[in-house]
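Trainee: Sequence:
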Amino acid sequence: MPIKRELIYIDNKDETDRIARYYEQGDKLVVVFNGSSKEFAYSKNRAQIIKTGISNKNAFDVFNYLKNVADTAGIIGNESQNTLAKSYEGITTVPKECVLSDFLNGSLSKKRTNNTQNVIFPFGFNLSQLKAVDSAFNNNLSVIEGPPGTGKTQTILNIIANAVMNGQSVAVVSSNNSAVKNVYEKLEKAGLEFMAAVLGSNENKQAFIESQKALPDLSTVKLSSEEKEKLRLKTEELVTALAENLDKKNRLAQHRLEIENTKTEYRHFKDSYKSEIIKEVGLRRNLKAHSVLRFWLSIEKLVEKQKSIGFIKKLIYRTKYGVKDSSFYVNSYDEMILSLQLKYYPAKISELEKSIASLEASLEHFSFDTKMKEYTDATMKLFKASLYENFFNKKRETYSLPDLYYRSNQFITDYPVIMSTTYSLKRCLDKEILYDYVIIDEASQVDLATGALALSCAKRAVIVGDIKQLPNVVTDDLKFRTDVIFSTYKLKEAYRYSSNSLLSALLELFPEIPKTLLREHYRCHPKIIEFCNQKFYDNQLITLSEYTNNRQPLMVYKTTAGNHARQLINQRQIDVIRDEIIEKEQLTDTDLGIVTPYRNQTNALQHAFRGSTVKADTVDKFQGRENEVIILSTVDNEISEFTDNPNRLNVAVSRAQEQLILVVNGNESGNDGNIADLIQYIEYNNFSVIESEVNSVFDLLYKGYEKQRAKSIKKSGKVSEYDSENLMYGLIKEVLNTEPYLKYDVLMHFPIRNLIRDFSKLTEPEIKYAKNPLTHLDFIIYNKLGKVPVLGIEVDGFEFHKEGSTQSKRDRMKDEILNKYHFPILRFGTNESNEKGKLVGMLEEIQKVTKTI
1 MPIKRELIYI
11 DNKDETDRIA
21 RYYEQGDKLV
31 VVFNGSSKEF
41 AYSKNRAQII
51 KTGISNKNAF
61 DVFNYLKNVA
71 DTAGIIGNES
81 QNTLAKSYEG
91 ITTVPKECVL
101 SDFLNGSLSK
111 KRTNNTQNVI
121 FPFGFNLSQL
131 KAVDSAFNNN
141 LSVIEGPPGT
151 GKTQTILNII
161 ANAVMNGQSV
171 AVVSSNNSAV
181 KNVYEKLEKA
191 GLEFMAAVLG
201 SNENKQAFIE
211 SQKALPDLST
221 VKLSSEEKEK
231 LRLKTEELVT
241 ALAENLDKKN
251 RLAQHRLEIE
261 NTKTEYRHFK
271 DSYKSEIIKE
281 VGLRRNLKAH
291 SVLRFWLSIE
301 KLVEKQKSIG
311 FIKKLIYRTK
321 YGVKDSSFYV
331 NSYDEMILSL
341 QLKYYPAKIS
351 ELEKSIASLE
361 ASLEHFSFDT
371 KMKEYTDATM
381 KLFKASLYEN
391 FFNKKRETYS
401 LPDLYYRSNQ
411 FITDYPVIMS
421 TTYSLKRCLD
431 KEILYDYVII
441 DEASQVDLAT
451 GALALSCAKR
461 AVIVGDIKQL
471 PNVVTDDLKF
481 RTDVIFSTYK
491 LKEAYRYSSN
501 SLLSALLELF
511 PEIPKTLLRE
521 HYRCHPKIIE
531 FCNQKFYDNQ
541 LITLSEYTNN
551 RQPLMVYKTT
561 AGNHARQLIN
571 QRQIDVIRDE
581 IIEKEQLTDT
591 DLGIVTPYRN
601 QTNALQHAFR
611 GSTVKADTVD
621 KFQGRENEVI
631 ILSTVDNEIS
641 EFTDNPNRLN
651 VAVSRAQEQL
661 ILVVNGNESG
671 NDGNIADLIQ
681 YIEYNNFSVI
691 ESEVNSVFDL
701 LYKGYEKQRA
711 KSIKKSGKVS
721 EYDSENLMYG
731 LIKEVLNTEP
741 YLKYDVLMHF
751 PIRNLIRDFS
761 KLTEPEIKYA
771 KNPLTHLDFI
781 IYNKLGKVPV
791 LGIEVDGFEF
801 HKEGSTQSKR
811 DRMKDEILNK
821 YHFPILRFGT
831 NESNEKGKLV
841 GMLEEIQKVT
851 KTI
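First residue of the sequence shown: 1, per the UniProt record's numbering; consecutive thereafter.
Calculated directly from the structure, the hints in this document are not laboratory data.
One should not assume that every hint holds.
Said to hold, decoys possible - Once the Cα atoms are required to be at most 20 Å apart in a straight line, the calculated EDC-like pairs of lysine to aspartate or glutamate come out as:
#1 Lys44 / Asp14
#2 Lys768 / Glu683
#3 Lys110 / Glu508
#4 Lys305 / Glu739
#5 Lys270 / Glu683
#6 Lys371 / Glu389
#7 Lys288 / Glu304
#8 Lys288 / Glu260
#9 Lys222 / Asp414
#10 Lys67 / Glu374
#11 Lys230 / Glu24
#12 Lys468 / Glu512
#13 Lys394 / Glu193
#14 Lys57 / Glu89
#15 Lys836 / Asp796
#16 Lys205 / Asp414
#17 Lys234 / Glu374
#18 Lys468 / Glu626
#19 Lys51 / Glu24
Kindly produce the complete structure, drawing on both the sequences and the hints.
Mentor: Here you go:
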């Protein structure tokens with residue numbers, strides 16, 4: 001039956017199927033019924049044309065495109081027929097209230113009022129989940145971005161609970177059964193599986209029919225009106241107090257991470273200057289870190305004005321900073337600043353320790369865990385009491401397979417939660433059923449054709465996934481065939497099947513779509529997930545997992561150099577894992593998983609570890625799983641683009657709870673790329689960085705310095721007193737906020753003194769110039785993962801830096817110094833143009849060079 005783009009209602013009855021043709025004539029609607037040539041004219045109060053989700057031509061084109069894709073990409077079932085295409089054939093109309101209408105038309109419906117009162121969280125919550133659930137009930141279409149280990153399932157369970165309490169039906173779907181099974185198992189653990197039906201494939205439906213059970217005895221969860229009101233008031237009080245303390249927990253986690261990072265940088269700083277004798281300055285006890293930075297700035301201003309430290313200044317420094325030892329002033333300005341930099345770290349660590357102790361005491365006084373349990377117990381009682389009222393005095397029907405289609409409305413009253421795969425949802429019950437909600441989990445792995453089919457089944461949708469994890473796989477053959485179909489339509493790129501998952505398509509199609517990032521992470525050791533946080537999530541995650549000393553969280557094993565990989569199998573890496581790593585790291589009785597990019601290596605690993613408890617599989621198959629220890633076998637002699645894929649690496653790293661061990665070939669390779677970033681990150685955090693002619697960038701120190709420096713500038717909101725530097729800073733940040741430069745960051749006014757590790761290459765005049773506190777790079781760009789500096793940038797004012805000037809001579813000396821350490825520098829004249837193009841070109845050149853080292 002062809003799909004209906006418009007519906008004709010006569011006397012409030014849908015007569016579309018009986019009508020051959022129709023047209024409007026003045027204030028009348030003229031219709032011709034099937035099998036007749038006679039025209040009937042109806043007044044507009046008796047007959048109406050009802051628009052559907054595909055009345056618009058563009059929406060109709062998108063639907064036909066997806067239907068054609070389904071014909072090509074459809075899943076072949078046991079009946080040897082294209083079940084996906086058959087499901088599309090069964091769609092006779094797309095009601096405007098169906099969420100698929102938004103997707104086809106490329107426009108979001110208006111935000112709606114939350115019709116779920118007193119939202120509760122019987123499965124627990126954090127601040128991000130609080131926001132995500134609220135957004136789900138306030139919008140027809142919303143996105144929950146769920147990075148690894150951030151409680152996606154918990155959020156889904158809370159949405160289900162509130163929808164069911166409100167008498168609404170929910171379909172929970174994914175591209176694979178394991179994600180749906182995970183939700184069902186959590187319901188089962190809470191004793192709530194009786195309200196859910198796992199359907200989808202014919203096998204699942206038959207299994208459900210054969211295992212139907214009577215309703216459990218719900219009389220034990222019945223509550224009186226007084227009891228419900230008492231619990232409701234209690235939960236309202238608790239949720240407010242818990243939210244306040246959840247903010248404290250988040251701040252506590254951030255402080256713990258900051259103190260660990262500060263200690264790591266402090267150790268690197270001391271290691272860099274261990275050969276220099278620096279007299280430590282004695283300062284007032286409990287001097288704040290920002291005061292130490294202000295002291296540094298004050299010294300720097302004296303250097304700039306070429307002033308000495310007189311009696312008055314010494315008196316000020318004694319009063320303000322507590323400097324009592326006159327020998328401090330015997331040092332050079334360079335040495336004074338260095339001693340203050342060393343003093344900054346203990347001051348910062350002390351501040352963080354006090355803040356951590358205060359937050360811990362506050363949370364302990366509040367008894368956070370006890371209060372959260374009180375809240376979840378109370379809200380679960382309220383939820384189960386509502387189920388009692390819904391199912392009270394109802395006899396659980398026993399359904400046959402045909403009943404799923406012929407008694408669908410009754411079925412979803414008995415089973416308000418339906419679970420399926422995306423491509424089977426349309427065939428679970430009657431094809432005209434519209435669920436109140438569809439929750440699509442692991443949406444980055446859901447293709448457009450099956451994703452749209454799931455959207456056709458519901459009034460509202462919650463899309464759950466992570467664009468930074470692995471997308472759905474499209475073979476080269478399927479890409480070619482679907483791209484041919486796409487080329488016959490004039491559609492937005494977001495609808496291209498071959499390059500978009502449902503999640504990526506929605507984010508591209510609707511930049512303004514309500515979306516919530518689940519920020520709180522609970523799975524991995526903080527040092528492990530911090531790599532993913534810095535590399536992929538722009539430091540937005542808050543790590544609530546605990547620091548443990550059971551194992552070193554990050555390790556790199558490099559095999560001997562050579563071409564060990566053959567046909568995507570690296571036997572040398574397998575031997576190292578089996579014969580060296582497992583014994584040395586005491587992994588024999590550990591929950592161990594080995595992941596690898598390639599199926600061939602997986603097969604070889606599974607053969608090598610047959611009969612053991614070791615789990616080995618491809619990274620793609622491990623998505624959604626976790627182990628205490630993960631070994632990542634990279635296989636490649638030289639890291640390939642496939643292995644280096646950022647989404648694949650993100651998934652691999654975030655499978656590890658306590659320890660991640662990276663196994664790579666020991667061949668010389670470049671220091672650019674995602675695997676290279678991971679190695680740099682591990683080496684930096686393990687203090688095993690290979691010797692370099694330049695220091696690591698001490699970004700925590702200099703970001704603090706930047707903030708204090710900015711406060712001393714009168715022009716509010718600017719980072720420099722020079723407009724040219726402010727403009728350049730904005731340009732650099734703009735470039736670094738785009739792929740593939742997200743791994744870089746920038747610092748202003750970075751001293752040459754802190755860049756060079758060894759001054760032995762320099763002449764005496766060059767050493768004097770390099771150690772001058774005012775000799776700095778206007779900007780330094782560095783790799784955040786390993787704190788490795790990659791590029792210096794100078795902004796040269798036309799008059800101040802013109803040829804023959806004193807500054808031009810200094811510029812040449814600076815260039816010569818940096819050239820001796822093979823450190824690239826890019827100069828921009830204030831009278832030049834195309835700065836962005838030059839910067840991007842230089843960064844591309846740096847990446848090409850480092851990849852081929």
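Trainee: Take the hints in turn and mark each one as holding or not.
Mentor: Now the hints, each set against the structure:
no.: 1; hint: Lys44 / Asp14; result: holds (15 Å)
no.: 2; hint: Lys768 / Glu683; result: violated (32 Å)
no.: 3; hint: Lys110 / Glu508; result: holds (18 Å)
no.: 4; hint: Lys305 / Glu739; result: violated (42 Å)
no.: 5; hint: Lys270 / Glu683; result: holds (17 Å)
no.: 6; hint: Lys371 / Glu389; result: violated (27 Å)
no.: 7; hint: Lys288 / Glu304; result: violated (25 Å)
no.: 8; hint: Lys288 / Glu260; result: holds (18 Å)
no.: 9; hint: Lys222 / Asp414; result: holds (18 Å)
no.: 10; hint: Lys67 / Glu374; result: violated (50 Å)
no.: 11; hint: Lys230 / Glu24; result: violated (60 Å)
no.: 12; hint: Lys468 / Glu512; result: holds (19 Å)
no.: 13; hint: Lys394 / Glu193; result: holds (17 Å)
no.: 14; hint: Lys57 / Glu89; result: holds (19 Å)
no.: 15; hint: Lys836 / Asp796; result: holds (16 Å)
no.: 16; hint: Lys205 / Asp414; result: holds (16 Å)
no.: 17; hint: Lys234 / Glu374; result: holds (9 Å)
no.: 18; hint: Lys468 / Glu626; result: holds (17 Å)
no.: 19; hint: Lys51 / Glu24; result: holds (14 Å)
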